[in-house]
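K.L.:
All chains should be modelled from the sequences, with the hints used to inform the complete structure.
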Amino acid sequence: MARIPVNESPRERNARMAAENRKRFGGRRVFNMIGSPGSGKTSILERTAALLGPALAVIEGDVQTALDAERITRHGSRAVQIETGGACHLNAEMVAEAIEKIDLDGVEVVVIENVGNLVCPSGFDLGEDAKVAVVSLPEGDEKPVKYPALFMRAAAVIVNKTDLAGIVDYDIERVKADCRKLNADVRVFEVSAKTGAGIREWVEYLRKG
Amino acid sequence: VHEMGLAREILDVVRKHAAGRPVTCVVMEVGAFSGVNADALRFCTEALFSSETGRKPAVEVRRIPGRFACACGRVYESFEPLCACPDCGGFEREMTGGGDLRVISIEVED
Chain Z
1 MARIPVNESP
11 RERNARMAAE
21 NRKRFGGRRV
31 FNMIGSPGSG
41 KTSILERTAA
51 LLGPALAVIE
61 GDVQTALDAE
71 RITRHGSRAV
81 QIETGGACHL
91 NAEMVAEAIE
101 KIDLDGVEVV
111 VIENVGNLVC
121 PSGFDLGEDA
131 KVAVVSLPEG
141 DEKPVKYPAL
151 FMRAAAVIVN
161 KTDLAGIVDY
171 DIERVKADCR
181 KLNADVRVFE
191 VSAKTGAGIR
201 EWVEYLRKG
Chain D
210 VHEMGLAREI
220 LDVVRKHAAG
230 RPVTCVVMEV
240 GAFSGVNADA
250 LRFCTEALFS
260 SETGRKPAVE
270 VRRIPGRFAC
280 ACGRVYESFE
290 PLCACPDCGG
300 FEREMTGGGD
310 LRVISIEVED
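Just so you know, the protein sequences line up as chains Z and D, in that order. Reminder that position 25 of the first sequence reads as 25 in the working numbering, one-by-one numbering, no gaps. Reminder that position 23 of the second sequence reads as 232 in the working numbering, one-by-one numbering, no gaps.
All the pointers check out, no bait thrown in.
Computed footprint of chain D on chain Z; a stretch qualifies when at least three of its residues, placed anywhere within it, have a C-beta under 8 Å from a C-beta of chain D:
1) 2-11
2) 114-122
3) 175-184
In silico negatives: residues of chain D with every beta carbon more than 12 Å from chain Z:
4) E255
5) S259
6) E261
7) T262
8) G263
9) K265
10) R283
11) V284
12) Y285
13) P295
14) D296
By construction, these hints were calculated from the structure, which means they are not laboratory data. Model, not experiment: these values are computed from the prediction. No residue lacks a Cβ here, since even glycine has one placed at the ideal position from N, Cα and C.
P.N.:
Here you go:
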């Protein structure tokens, strides 16, 4: 019987592929958007596409259908759909395949919309510069503390559906305070994809940080 | 629900280090904020080893706490995400551990 030290992460293969993706993105600003199904990720990106047009490319991850990519291209941005066929998150290999299918010429900002899920996507580097978490008022204000692994890693948090303030119970100050406890440097954007409120500040962040 | 995918990667890592020798034990560490469920990971790793190699090694998964470096200089560990710095009470901190998982060691037959 022999004991062999290993000290290796099973995520290293994904990390190597993510590093390759980072090279292929060629210095563009790249974001990995993570939120629950129905939190409004695609609606926010439609508003974003309306402002950025051809300067934005979106890599859409869904379990099934190309519906989301179609919603983006309608606004003049480029989009490519990844159908995971059941997988609950994107990995760097899936994104590498998507990069092959999209022309990034003239693109300044790339947003990868992950599969709707607050758990699994947080552990997979896709080659992004920053993770962006999306929450929304009807989901309730405990999401950051219930899913800390994501909110510890998210450089920015979008609180969507602010148009529902006063209709649903939601303590936005609590959410902001919890997000800052989990990541002292986090940027929080309060937006409504429905009315367009707050979208300009978010798009400014995408373009310049 | 991504533990089976990770088990696949673990099997690859273990096989590389075992270099053909039968594996009797796998020791892993899972960080409190890795987003990985230790029990599910152990179950998936055992199941995958059984089906792929016909042998079931002892799989030990140790949960390790998050490690935080506070701006005040204190380094502390906790399993709780909202655990303030025990010295200054603040959250101006950086997570420096407990966010990943690793295969620490394996045991093989000679």
